[in-house]
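Listed below, chain by chain, are the residues.
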Amino acid sequence: MKAVEGAGSVEDTDAVEGCDAVAARGLNKHFKAHHAVVDVDFDVPAGGSLGIVGESGSGKTTIARMLVGLERPSGGTITVMGRDRSRPARGARERGRRARELQIVFQDPYTSLDPSQSARAAVEEVLRHHGRDLSLAQDLVDQVGLTERQSHARPRDLSGGQRQRVAIARALAASPKVLILDEAVSALDVSIQAQVLNLLADIRAETGIAYLLISHDLAVVRQLCDTVLVLRRGRVVEQGECDRVLDDPAEDYTRALREAVPVPGWTVNA
Amino acid sequence: MTAPLLELSGLTVDVATEDGGSRTLLDGVDLSLAPGEALGLVGESGSGKSMTMRAVTRLLPRAASASGSIRFEGADVLGMNAGELRRYRDGGVGLVFQDPRAHINPTRRIGAFLTEALVRNRGVGRREALARAAAVLAEVGIDDPQRRLGQYPHEVSGGMLQRVMIASVLLAEPRLILADEPTTALDVTIQREVVAILDRLRRERGMGMVFITHDLDLALAVCGRVAVMYAGRIVELRSADTLHERAAHPYTLGLLGSRPSIDARAERLSAIPGRPVSAFESGPGCAFAPRCSFATAGCESEPPAPTEFDGGLVRCARVEEIHAARMEAKA
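Chain order of the listed sequences is Z and E.
The first sequence: position 265 = 265 (my numbering), numbered continuously.
Just remember that my numbering sits 270 ahead of the position in the second sequence, which is counted from 1.
Please note: incorrect hints may appear among the correct ones.
To be verified - Simulated pairs of lysine to any residue, SDA-like, Cα-Cα distance not exceeding 25 Å:
1. Z/K32 <-> E/G349
2. E/K600 <-> Z/K32
3. Z/K32 <-> E/H424
4. Z/K32 <-> E/S509
5. E/K600 <-> E/R475
6. E/K600 <-> E/G476
7. Z/K32 <-> E/G428
8. E/K600 <-> Z/V263
9. Z/K32 <-> E/S427
10. Z/K32 <-> E/A510
11. E/K600 <-> Z/P264
Stated by the list, open to error - Looking from chain E toward chain Z, a few residues come up when the C-beta cut is under 10 Å (computed):
12. I374
13. V458
14. R462
15. R538
16. R596
What the hints contain is simulated information worked out from the structure, not anything from laboratory work.
Note that the Cβ used here is the ideal one computed from N, Cα and C, for glycine as well.
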């Protein structure tokens, strides 16, 4: 597998050096009276990998939506590569820059890809938009393990795993420093999920990109992440190194989450 | 040896295509379930696990046809007439689906949903039916059942609604429960509660259960025996408590290696190359051969027969050689 040059490297001249890839401080989001995210702090170091785990309604997807600018925080700050993005981007130039800092891959690639566009065309469109060399498209398609034939197929002719590879290639085409993976492997068959997890680990090792993985699956988080944040009803339950939090949880909720995962020897009655 | 509750032999499902041809979805499934037994059906997309359940309940898509035999308490399910089929579905088998919101009428109260079958099919009085519904809601661990009966589906959580669905199945007092990914849409802590309820009720009432899931470890926890399906066939069948140590089919081994562990990070997951296929996409031989690292030329031409191996049933022509090679590598 060949790494695509430029992916993960610092391209923009005004990027802030030596800062965390993502930092959230006192992050809050209220929807009327509902407090979706309450006083959340976290950091993703450059090239690091943070998993945010939580059950339905924990606020994990709201955090992702604030990072990509689909929701505006009610309070607190989020910075990506040291630059604040608590407010909407002003102008095309800033939007472009934000896109080159952070990209997202959603759970269901079928609804996030243009049904009329081949993988190749989707990747080229992003390259063109960011003024990058179109010849990189081949490398990106190779990097995510799509064959020549698959790269010219429409999403409906691809399997779930192949579509997710297209979504990853498309995201990498902007050469982001951070990739948000919002339940990006949850809907995949087990054997395909393993392929995509291996692929994501390879991409991080080759490019130094940082990941923010949103997942309900503790085993997937452990496989892909260095650090983990456990979220419940919008609040941080605990956070730290994956090994420490998962092997020696400080909080009952983390322990309950972990014990609810079926493993060899697990029985249905707690 | 008691008579089986459910017995499938050579169950095959073909679906007609628009161009006049046909595609095989299930290819010769043999399975036997004793009364009160829990059996897991595990597989990926296209493996045929849900199609097996639809065939058992005669809920196949219009274009599909089943052959082979399905026997429920000795009765031939494929040969049932409309009246027999109604009685079989009413009190014989109960179905629990993945997404209760898609299967419960959102415009009617939970009480109306739960009592409809009792009132219409069995002539139970409305008041008596509501009392029974409240009792069953309590059995599935729902507090304040009276209040729940008056609520609409959108007013309760997904986990609660799945309990309501289980309660509706219990009201019909079936001898067999077919649960198709009943907890896949639920949070893990809720999943645990729901499978514990299914397990307890199955034991208390002596019901048989076929538990369909993509999660091998969940099936092992819930079931006594587990059948692993691939491309419309059962490729391995063994008791749940020995599957981890004795898994012998390369596909089962691949599934076990693919799943990340919660206890430790793997340097690399031993992913199976390629993607899962359906029965009609596979060649004349073993459907798994194109993805199998042990496959030889013979595997792709000759379909393997199920053979007894190490206490289980395995459908792999090279199972003994593969087992020997693995044992040698381990030693």
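*Among all the numbered hints in the text so far, which are the ones the structure does not match?*
Of the numbered hints given earlier, those the structure breaks are 1, 2, 4, 5, 6, 10, 12, 16, listed in rising order.
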